[in-house]
Amino acid sequence: SQQGEEDPQALSIQEGENATMNCSYKTSINNLQWYRQNSGRGLVHLILIRSNEREKHSGRLRVTLDTSKKSSSLLITASRAADTASYFCATDRTGRRALTFGSGTRLQVQP
Amino acid sequence: DGGITQSPKYLFRKEGQNVTLSCEQNLNHDAMYWYRQDPGQGLRLIYYSQIVNDFQKGDIAEGYSVSREKKESFPLTVTSAQKNPTAFYLCATKPGHNTYEQYFGPGTRLTVT
Chain A
104 SQQGEEDPQA LSIQEGENAT MNCSYKTSIN NLQWYRQNSG RGLVHLILIR
154 SNEREKHSGR LRVTLDTSKK SSSLLITASR AADTASYFCA TDRTGRRALT
204 FGSGTRLQVQ P
Chain B
17 DGGITQSPKY LFRKEGQNVT LSCEQNLNHD AMYWYRQDPG QGLRLIYYSQ
67 IVNDFQKGDI AEGYSVSREK KESFPLTVTS AQKNPTAFYL CATKPGHNTY
117 EQYFGPGTRL TVT
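Going line by line, the protein sequences match chains A and B. Going left to right, the first sequence walks through residues 104 to 214 as our numbering numbers them. Going left to right, the second sequence walks through residues 17 to 129 as our numbering numbers them.
What the hints contain is simulated information worked out from the structure, not anything from laboratory work. Since the model is a prediction, treat every value here as computed from it, not as a measurement. Here a beta-carbon is modelled for each residue, glycine too, at the ideal position from N, C-alpha and C. It is possible that some hints are incorrect.
To be verified - Computed cross-link-like contacts, DSBU-like style, restricted to lysine-lysine with a CA-CA straight-line distance of at most 35 Å:
{"hint": "1", "chain 1": "B", "residue 1": "Lys99", "chain 2": "B", "residue 2": "Lys87"}
{"hint": "2", "chain 1": "B", "residue 1": "Lys73", "chain 2": "A", "residue 2": "Lys172"}
{"hint": "3", "chain 1": "A", "residue 1": "Lys129", "chain 2": "B", "residue 2": "Lys87"}
{"hint": "4", "chain 1": "B", "residue 1": "Lys73", "chain 2": "B", "residue 2": "Lys25"}
{"hint": "5", "chain 1": "B", "residue 1": "Lys73", "chain 2": "B", "residue 2": "Lys86"}
{"hint": "6", "chain 1": "A", "residue 1": "Lys159", "chain 2": "B", "residue 2": "Lys87"}
{"hint": "7", "chain 1": "A", "residue 1": "Lys129", "chain 2": "B", "residue 2": "Lys99"}
{"hint": "8", "chain 1": "B", "residue 1": "Lys73", "chain 2": "A", "residue 2": "Lys159"}
{"hint": "9", "chain 1": "B", "residue 1": "Lys99", "chain 2": "B", "residue 2": "Lys73"}
{"hint": "10", "chain 1": "B", "residue 1": "Lys73", "chain 2": "A", "residue 2": "Lys129"}
{"hint": "11", "chain 1": "B", "residue 1": "Lys30", "chain 2": "B", "residue 2": "Lys99"}
Claimed, not checked - Computed spacing ranges between beta-carbons, pair by pair:
{"hint": "12", "chain 1": "A", "residue 1": "Glu156", "chain 2": "B", "residue 2": "Pro111", "range": "19 to 25 Å"}
{"hint": "13", "chain 1": "B", "residue 1": "Ile67", "chain 2": "A", "residue 2": "Leu164", "range": "28 to 34 Å"}
{"hint": "14", "chain 1": "B", "residue 1": "Lys73", "chain 2": "A", "residue 2": "Lys129", "range": "19 to 25 Å"}
{"hint": "15", "chain 1": "B", "residue 1": "Asp46", "chain 2": "A", "residue 2": "Ser154", "range": "19 to 25 Å"}
Claimed, not checked - To list a few chain A residues with every Cβ distance to chain B over 12 Å, as calculated:
{"hint": "16", "residue": "Leu114"}
{"hint": "17", "residue": "Ser115"}
{"hint": "18", "residue": "Gln117"}
{"hint": "19", "residue": "Asn121"}
{"hint": "20", "residue": "His160"}
{"hint": "21", "residue": "Asp169"}
{"hint": "22", "residue": "Lys172"}
{"hint": "23", "residue": "Lys173"}
{"hint": "24", "residue": "Arg183"}
{"hint": "25", "residue": "Gln213"}
{"hint": "26", "residue": "Pro214"}
Chain B on its own, in the form it takes in the complex (with noise of 0.2 Å):
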C-alpha cells in the first residue's frame, strides 16, 4: 500500500448526502484508477485518469464523479445519484504508458444508511 493514501479508512454518510473519496500518491505515477468492490466479489471500474485534466468513465460510472487537477490527486465523489452506494472502494495507480502492473491503496469501506 505504501505510496497511496486513501482516507478515511471507514466512512458513514446518511443517504441523499454526496460524500468525497480521497486518493493521494507520491509516486509520481500518471494513471490513477478508482474500483468498486462488493462482498464476495471482485473489483468493478467506476472511473479512471491516464494524465493530469483528463479521465474516463469506467463500467459503473452511473452516481458517481471525479477529479485529475493534480497529477498527486485523484478524487472520488459519490453521489445521491448512487442508488446502492455501501461497499468498499479500492484505488489504484500505474506509472504510464509501456507499464501493466497496478499498485493499490488500502481502500476506504462506505456505508450509506
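This is chain A alone, in the form it adopts within the complex (with noise of 0.2 Å):
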C-alpha cells in the first residue's frame, strides 16, 4: 500500500532557485528516507530523519519533519540542472520490516 504522497507531482524551477518537496504519511513512524531517482536508474539515498528529529541538513538538502500533521518537506537549494530527477519519501513504519515509498515528486531544473 502507498502510505507516502508526495506534492507537488512534478516540478519546474530555473537553475538557483530552491526546490520544495512535501511528503505526508498515515501511520507511526520510525523515521523517514528521502531518495533520488534519475530516469531508468535505481534508486540512492539522500537523508534520514528520524522521528524524534525535527530538522535535519546536508549540503543543499533540508529536511523537515512534523510527526503531529504526519508530513515532512524536502528542500534543494540552489539547484542545478543535474537536481533533475525524481524524488521519493519513504516511511520506516512502526511495525513492519520494509519501506514504503511515495508516489515521487519529479523535478526538472531548466538550466
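Hey, can you piece these two chains together into the complex? The hints should help.
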C-alpha cells in the first residue's frame, strides 16, 4: 500500500532557485527517508530523519519532519540542472520490516 | 548502484512464460528486497528477505516467487499468474538490524507481450 503521497507530482524551476517537495503519510513511523531516482536508474539514498528529529541538513538538502501533521518536506537549495530527477519519500513504519514509498515528485531544473 | 547487480537490464518475454530476474550483491548485506515500479509511480514491495532461507510477502506478492538460498542472491520469478508483469523491477539491500538506508540495484525493465 502507498503510505506516502508527495506534493507536487511535478515541479519545474530555473537553475539557482530552491525546490521544495512535500510528503504526507498515514501511520506512526520510526524514521522517514528521501531517495532520488534518475530516469531509468535505481534509487539513491539522500537523507534520513528520525521520528524524534524536526530538521536535518546535508549539503544543499534540508529536511523537516512534523509528526503531529504526519508530513515532511525536502528543500533543495540553489538547484542545478544535475538535480533533475524524481524524488521519493519512504517511511520506516512501526511494526513493518520494509520501507513504504510514496509516489514521487518529478523535478526538472532548467539550465 | 555499486555492489548490486541486476541482469539483464532489459528483458522481453511472451505472455504465459515464467521469467526469473537476477539480483546479486557483494555488500555482505543481510536483507534484500524486490520492488516493482510502474511508469510515473512509486515503488511497491513484492517480497523481502531478512536472512538466508527466509522471506516474506510484501504488498503485491501474487504472481511472484522468490528464493534466498545464498546471502548474495535473491532471484525473483515472475510467473504466468502475474496478470500485468510489464514493469521496472528494482532490487535493494540493507546491511541488517538497526540500519535503515537501502541500497538499490540498477533495475531490470521487463516487457511481456
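Hints and how they fare:
1. Lys99/B x Lys87/B: With Cα atoms ~30 Å apart, Lys99/B and Lys87/B stay inside 35 Å; holds.
2. Lys73/B x Lys172/A: OK: Lys73/B and Lys172/A at ~30 Å, within 35 Å.
3. Lys129/A x Lys87/B: 33 Å, holds
4. Lys73/B x Lys25/B: 24 Å, holds
5. Lys73/B x Lys86/B: With a Cα-Cα distance of about 18 Å, the restraint between Lys73/B and Lys86/B holds, given a limit of 35 Å.
6. Lys159/A x Lys87/B: 34 Å, holds
7. Lys129/A x Lys99/B: With Cα atoms ~29 Å apart, Lys129/A and Lys99/B stay inside 35 Å; holds.
8. Lys73/B x Lys159/A: Given that 35 Å is the threshold and the Cα spacing comes to 33 Å, the pair holds.
9. Lys99/B x Lys73/B: 17 Å, holds
10. Lys73/B x Lys129/A: Satisfied, since the Cα-Cα distance of roughly 21 Å is no more than 35 Å.
11. Lys30/B x Lys99/B: Answer holds: Lys30/B to Lys99/B is near 13 Å, not above 35 Å.
12. Glu156/A x Pro111/B: 19 to 25 Å: Given a distance of about 21 Å, which is inside 19 to 25 Å, the answer is holds.
13. Ile67/B x Leu164/A: 28 to 34 Å: 33 Å, holds
14. Lys73/B x Lys129/A: 19 to 25 Å: 21 Å Cβ-Cβ, so the 19 to 25 Å window holds.
15. Asp46/B x Ser154/A: 19 to 25 Å: Since the Cβ atoms of Asp46/B and Ser154/A sit about 23 Å apart, the hinted range of 19 to 25 Å holds.
16. Leu114: Its Cβ never comes within 12 Å of chain B, the nearest being 14 Å, so this holds.
17. Ser115: 16 Å, holds
18. Gln117: 23 Å, holds
19. Asn121: 24 Å, holds
20. His160: 17 Å, holds
21. Asp169: 20 Å, holds
22. Lys172: Fine: 21 Å to the nearest Cβ keeps Lys172/A off the interface.
23. Lys173: 17 Å, holds
24. Arg183: Since the minimum Cβ distance to chain B is about 21 Å, Arg183/A lies beyond 12 Å and the statement holds.
25. Gln213: 20 Å, holds
26. Pro214: About 24 Å separates Pro214/A from the closest Cβ of chain B, which puts it past 12 Å; holds.
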